[in-house]
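**Student:** If you want the building blocks of each chain, they are given just below.
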Amino acid sequence: MIALRPDLAAIAAHIPVGARVLDVGCGDGALMAALRDQKGIDARGMELDATNVADAVTRGLAVVQGDADTDLADYPDDSFDYAILSQTLQTTRRPDLVLDQLLRIGKQAFVSFPNFAQWKIRFAHMFGGRMPVTRQLPHRWYDTPNIHHVTIDDFKSFVKERGYTIEGEWYLTGEKQRGAAMANLLAEHAVFLLKR
Amino acid sequence: MSEDGRFGLDRRTKLLGPVRLDSGVQFAPVEFAYETYGELNADKSNAILICHALTMDQYVASKHPITGKPGWWLSMVGPGKPIDPTRHCVICINVMGSCLGSSGPASFDPGTGQPYAMDFPVITIADMVRAQAILLDHLGIERLACVIGGSMGGMQALTWASLFPDRVQSAIVIASTARHSAQNIAFHEVGRQAIMADPNWQGGNYYGSVEQPDAGLAVARMAAHITYMSEEGLTQKFGRQLQDRESKTFGFDADFQIESYLRHQGLSFVERFDANSYLYITRAMDYYDLAEDHGGVLAKAFQGTRTRFCLISFDSDWLYPTIESKRVVQALNAAGAAASFVELSSPFGHDAFLLDAPEMNRIIDGFLKAGAL
Numbered sequence: 056m057i058a059l060r061p062d063l064a065a066i067a068a069h070i071p072v073g074a075r076v077l078d079v080g081c082g083d084g085a086l087m088a089a090l091r092d093q094k095g096i097d098a099r100g101m102e103l104d105a106t107n108v109a110d111a112v113t114r115g116l117a118v119v120q121g122d123a124d125t126d127l128a129d130y131p132d133d134s135f136d137y138a139i140l141s142q143t144l145q146t147t148r149r150p151d152l153v154l155d156q157l158l159r160i161g162k163q164a165f166v167s168f169p170n171f172a173q174w175k176i177r178f179a180h181m182f183g184g185r186m187p188v189t190r191q192l193p194h195r196w197y198d199t200p201n202i203h204h205v206t207i208d209d210f211k212s213f214v215k216e217r218g219y220t221i222e223g224e225w226y227l228t229g230e231k232q233r234g235a236a237m238a239n240l241l242a243e244h245a246v247f248l249l250k251r
Numbered sequence: 009m010s011e012d013g014r015f016g017l018d019r020r021t022k023l024l025g026p027v028r029l030d031s032g033v034q035f036a037p038v039e040f041a042y043e044t045y046g047e048l049n050a051d052k053s054n055a056i057l058i059c060h061a062l063t064m065d066q067y068v069a070s071k072h073p074i075t076g077k078p079g080w081w082l083s084m085v086g087p088g089k090p091i092d093p094t095r096h097c098v099i100c101i102n103v104m105g106s107c108l109g110s111s112g113p114a115s116f117d118p119g120t121g122q123p124y125a126m127d128f129p130v131i132t133i134a135d136m137v138r139a140q141a142i143l144l145d146h147l148g149i150e151r152l153a154c155v156i157g158g159s160m161g162g163m164q165a166l167t168w169a170s171l172f173p174d175r176v177q178s179a180i181v182i183a184s185t186a187r188h189s190a191q192n193i194a195f196h197e198v199g200r201q202a203i204m205a206d207p208n209w210q211g212g213n214y215y216g217s218v219e220q221p222d223a224g225l226a227v228a229r230m231a232a233h234i235t236y237m238s239e240e241g242l243t244q245k246f247g248r249q250l251q252d253r254e255s256k257t258f259g260f261d262a263d264f265q266i267e268s269y270l271r272h273q274g275l276s277f278v279e280r281f282d283a284n285s286y287l288y289i290t291r292a293m294d295y296y297d298l299a300e301d302h303g304g305v306l307a308k309a310f311q312g313t314r315t316r317f318c319l320i321s322f323d324s325d326w327l328y329p330t331i332e333s334k335r336v337v338q339a340l341n342a343a344g345a346a347a348s349f350v351e352l353s354s355p356f357g358h359d360a361f362l363l364d365a366p367e368m369n370r371i372i373d374g375f376l377k378a379g380a381l
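Protein sequence lines, in the order shown, are assigned to chains A and B. The working numbering applies: residue 56 is where the first sequence begins, and numbers increase by one. The working numbering applies: residue 9 is where the second sequence begins, and numbers increase by one.
It is worth saying that the hints were derived from the structure and are not from the lab. Careful: at least some of the hints might be erroneous.
Unchecked claim - Here are the computed distance ranges between Cβ atoms for each label pair:
#1 B:GLN311 x A:ASP136: 19 to 25 Å
#2 A:GLU230 x B:ARG151: 55 to 61 Å
#3 B:HIS272 x A:LYS94: 37 to 43 Å
#4 A:PRO71 x B:GLY148: 39 to 45 Å
#5 B:ARG151 x A:MET237: 56 to 62 Å
Stated by the list, open to error - Simulated coverage check for chain A against chain B, where a stretch passes if three residues somewhere in it have a Cβ under 8 Å from a Cβ of chain B:
#6 93 to 105
#7 118 to 127
#8 130 to 140
Given the structure is predicted, the values throughout are model-derived calculations rather than measurements. The beta-carbon is built from N, C-alpha and C at its ideal position, and this holds for glycine as well.
Could you put together the complete structure from these sequences and hints?
**Tutor:** What follows is the structure in structure tokens.
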């Protein structure tokens with residue numbers, strides 16, 4: 056079995072057996088498959104790319120092709136215990152509205168994203184004078200799907216403005232988890248668990 | 009090989025029924041023409057019902073008795089294909105109202121000894137499904153591992169899952185919809201009017217005549233055939249190319265290749281299809297609105313379902329466009345059903361589901377195998 060991406064592993068570790076889960080932007084269904092195999096969870100997924108959806112279906116997962124920006128409105132209120140949005144927030148047209156949808160559909164929401172304030176990115180921008188191209192953000196300015204870059208501090212203040220609570224936060228650099236101290240400067244990725 | 013005469017190629021049977029039709033009529037006896045491929049396993053857990061489209065029939069993977077053409081879904085059904093008779097027991101039943109051996113307007117009314125013609129009751133998609141359930145009872149198949157169909161076959165698959173949730177483990181719905189739109193009804197009405205405007209139709213009582221309503225039925229087919237193809241597909245295949253001539257004739261012969269093609273489609277169709285069946289089946293499709301019996305709320309048609317669903321649409325299909333599949337998916341989500349949905353890319357319009365579509369096959373194969381099939 057291929058190991059889960061670290062942010063997905065952090066999310067999987069905190070979802071209890073029997074939970075109802077919607078994975079938005081589920082890719083080929085790696086997290087959903089892990090939740091099924093490790094915890095017997097019958098998760099549901101949404102994914103934009105048809106080939107990824109097909110891959111997930113052939114794994115026996117229930118995944119529908121859809122766009123987080125437009126198709127989350129199709130799900131009833133409170134239909135899931137957890138809505139997950141991993142590495143997708145920064146690709147949406149309206150991250151604010153997507154987050155509202157997540158916390159309408161799910162009682163809680165896991166959101167993970169690459170931290171645009173990590174020191175390597177700051178350096179690349181400050182000294183290179185160019186849009187940063189890094190391990191977690193490998194695209195160039197013109198072909199990047201990441202149209203709404205966000206930093207950990209931006210996200211936290213946004214969550215506060217929106218009136219949601221942070222139930223859990225995890226920070227990652229490479230494969231390793233790290234503490235919350237100076238996370239905005241040091242962490243490559245952040246995972247948040249939010250509640251209405 | 010099974011010695012059981014109920015299974016095999018080109019089966020016919022007459023059952024007492026009755027089928028309780030939506031119109032209120034109790035229809036009996038009921039004739040069935042069907043084919044099965046492969047063997048039912050010991051615990052009867054490998055049965056796959058294929059539901060056919062408007063003008064298709066039970067000859068999914070064997071030679072058509074009239075046209076001599078190979079089965080209509082050989083890309084999907086056969087050894088090594090997603091639906092595989094070496095693993096699955098595959099059943100396809102000519103729908104009620106059709107003309108390849110199941111009860112329809114051309115079959116004989118035991119009360120009069122004459123063809124039913126327009127005395128055949130108006131049927132619905134749900135009626136077709138209830139009739140199929142009677143045949144499956146006869147075959148001793150309580151539970152279907154999968155019901156699969158494209159177009160009108162997809163409507164039946166959805167209806168199966170809604171009417172008999174405990175009998176359907178999974179449903180695959182391709183290039184289909186949960187209701188006929190005004191545009192869908194409009195095209196069908198053009199076809200029906202073409203048939204009924206043909207003097208040879210004779211109010212439907214043409215079965216004893218030499219003259220048949222072929223012209224009307226051919227026009228109906230031509231109009232419908234346009235809806236099965238995309239504009240892009242038509243342009244690619246025909247463009248404005250002329251048919252076996254150097255220049256326009258300034259007449260009304262089939263100057264353009266597309267005209268010649270449509271005429272050929274119309275003419276070859278009348279050899280294998282009954283005009284009255286075309287009226288009845290298009291009516292059944294027009295009456296189809298799965299949400300209607302549930303206060304207009306489609307999700308209620310699937311409340312509490314444990315069936316696994318897989319929906320596939322094609323981006324160039326304007327007859328049952330992706331938005332219709334998404335409406336179904338939305339309802340299934342609301343019902344909490346395990347549903348998958350993919351829109352595939354194809355230049356071939358609605359007919360794409362009948363053609364080689366490797367990605368569709370990969371998805372269906374994976375979906376079935378994931379259900380331990």
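**Student:** Does each hint fit the structure? Answer for all of them.
**Tutor:** How the hints compare with the structure:
Roughly 20 Å separates the CB atoms of GLN311 of chain B and ASP136 of chain A, a value that falls within the hinted 19 to 25 Å. The hinted range of 55 to 61 Å is not satisfied by GLU230 of chain A and ARG151 of chain B, whose Cβ atoms lie roughly 46 Å apart. Judged by the Cβ atoms, the range 37 to 43 Å given for HIS272 of chain B and LYS94 of chain A is violated: they are separated by roughly 58 Å. Take PRO71 of chain A and GLY148 of chain B: their Cβ atoms lie about 43 Å apart, and the range 39 to 45 Å holds.
Checked against the given bound of 56 to 62 Å, the beta carbons of ARG151 of chain B and MET237 of chain A, roughly 59 Å apart, stay inside it. Interface restraint, the segment 93 to 105 of chain A with chain B: holds (3 residues with C-beta to C-beta distance below 8 Å; minimum three). For the segment 118 to 127 of chain A, the assignment as covered by chain B holds, since 5 residues bring a beta-carbon within under 8 Å of that chain's beta-carbons and 3 suffice. Only residues whose C-beta sits within less than 8 Å of a C-beta in chain B count toward coverage, and the segment 130 to 140 of chain A has 3 of them, enough to reach three; the restraint holds.
The structure fails hints 2, 3 (numbered hints given earlier, in ascending order).
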